[in-house]
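Participant: Sequence:
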Amino acid sequence: LNLVGFGVVATGGGVFTVSTKDDASQSDLERAIRRGIYAAAALAAALAVIWVQVLFDGNRIGWRYFACHVIGIVAGVLLGDATEYYTAAARSVRPGQVLGLGMLSGFPPAVIISVVVLACHGAGGAYGIAVSAVGMLSTLGVVLGAHAFAPIADNAASIAEMTPRCTEEVRRCTDTLDAAGNASAAAGEGLGLGAAVLTAISLLNAFVADVPVACTVSAIVIPRCLADSMHLTDSTVIAGLIIGAILPFVFAALSTLSVGKVAGAAGVEVERQLRAIPGLLEGRDEAACDSTACVTACTKSSLNQTVLPGLIAVLTPISVGLLVGARCLGGLLAGTVASGLVLAASMRTSHARDVSPPAINVLMKLAAAVSLVLARVFRDDWVDWWRGGLVLALEIALCGATWYYVWVLAEDLESPEEDTETPAANRKLAQGKRTMRGGIPNPDAGNPDEGLRDGSLVKRSTRV
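Quick note: the sequence shown, position 13, residue 13 per the UniProt record's numbering, numbers continuous.
The reader is advised that the hints may include incorrect statements.
Using 25 Å as the maximum straight-line C-alpha spacing, the simulated SDA-like pairs for lysine to any residue come out as follows [to be verified]:
(1) Lys21 to Val170
(2) Lys261 to Ala397
(3) Lys21 to Arg31
(4) Lys300 to Ile152
(5) Lys261 to Asp290
(6) Lys300 to Val342
(7) Lys300 to Val170
Hints were generated in silico from the structure; no laboratory data involved.
All values derive from a computational prediction rather than experimental measurement.
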């Protein structure tokens, strides 16, 4: 808690170093943001010395934890720089090479996290890994501010692009801010991934130390030895590793598909208003759209999309731990962390940067937290396997019902009433074509994209 407080103070000091000139270029803006992150990291490391002197009286153990804290700070900065490097390179590669670059971008985070885990475990054990995670988050204030700056600059650039009376100077400024914001957001993504992995590893260490598994070593019964009984040659552990390795892919797939569902809900609401509000499609001044209804539709759809991944993240560790045992669950958590680290780093650069990686971070931490909370319930035998079967059946039933409601039934409920006479297949095909073309059809025009070409759609969007 003291280290977190020092991180807040360090963030306040780092903010004052972020400044630049009025006619700054994109590189100047990026250097200013990076300077604030470096200043906050240095100040957090300096304030940690006070923590060692006060709580540990300057003894050797305190300095070991201080080293773990500094390692976490340096690793967070390196993760941000590595992510920024690969995202900048992704904008200059040829089409078809982004996927390969994304796969390559997973190498630096894997090496950095591996070095942090080995060094901090050697210096402070499992607690040292947790301290390094706190140190990595010491610069969160500056990084989070830079990450929040990206969508604000993006919206400003979009508004300037749609405004006909916008001057070239304003367009240049907004484009520069947009590019700098996208580059600075990479630091936050790398920091969040590293902190999530270290947190999940710390929770995994606590889990294997808290599961009451009894075994006999030299004729002595040891009540807690899950870590000693987990071996890579054990088929139960291998099965858990395989299940855990596929979970991040399921999460990434659901989150990526959810984006299209939310966009479809917004498109359905916009189409309903264009049909229901007289004069809105023609761009009349007296016609006003209902922005609240559109936001409500997007919010409702996005919240519905989180139910299925949440059920999988919560119920899968419980069902595996009760049905197969604690060793399989430990392998599942380890596989989730290893697979999630590489997949999130790869998708962060190649595609789905703002969707899948944050969801994978939540999966790693949530699965480990649920397992730790229920650690006392899990056993390493098959006496109460039927309880896991009940949880597994409940998970399958809930996931199936959620899938049907969110992905099948909700789409028909969100369709406008005016289209009830149109066959569902034709309506879905027409909506898919409009989504791919990026335009809203004009009944008086022969081409669905005419509203974009003649500028009327841009004018209507600007006025709204």
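Participant: Each hint needs a verdict: does it hold in this structure or not?
Facilitator: We went through each hint and held it up to the structure:
A threshold of 25 Å between alpha carbons decides the hint, and for Lys21 with Val170 the separation of about 16 Å falls inside it, so the pair holds. A hinted pair counts as satisfied when its Cα atoms are at most 25 Å apart, and Lys261 with Ala397 qualifies at roughly 22 Å. Taken as a hint, the Lys21 and Arg31 pair is honoured in the structure, with Cα atoms around 12 Å apart against an allowance of 25 Å. Of the pairs offered as hints, the one joining Lys300 and Ile152 holds, with about 23 Å between alpha carbons and a cut-off of 25 Å not exceeded.
Annotation: proposed proximity of Lys261 to Asp290 holds, straight-line Cα distance about 20 Å (limit 25 Å). The hinted pair formed by Lys300 and Val342 fails the criterion: a straight-line CA distance of about 31 Å is larger than 25 Å. Among the hinted pairs, Lys300 with Val170 is inconsistent with the structure: their alpha-carbon atoms are about 35 Å apart, more than 25 Å.
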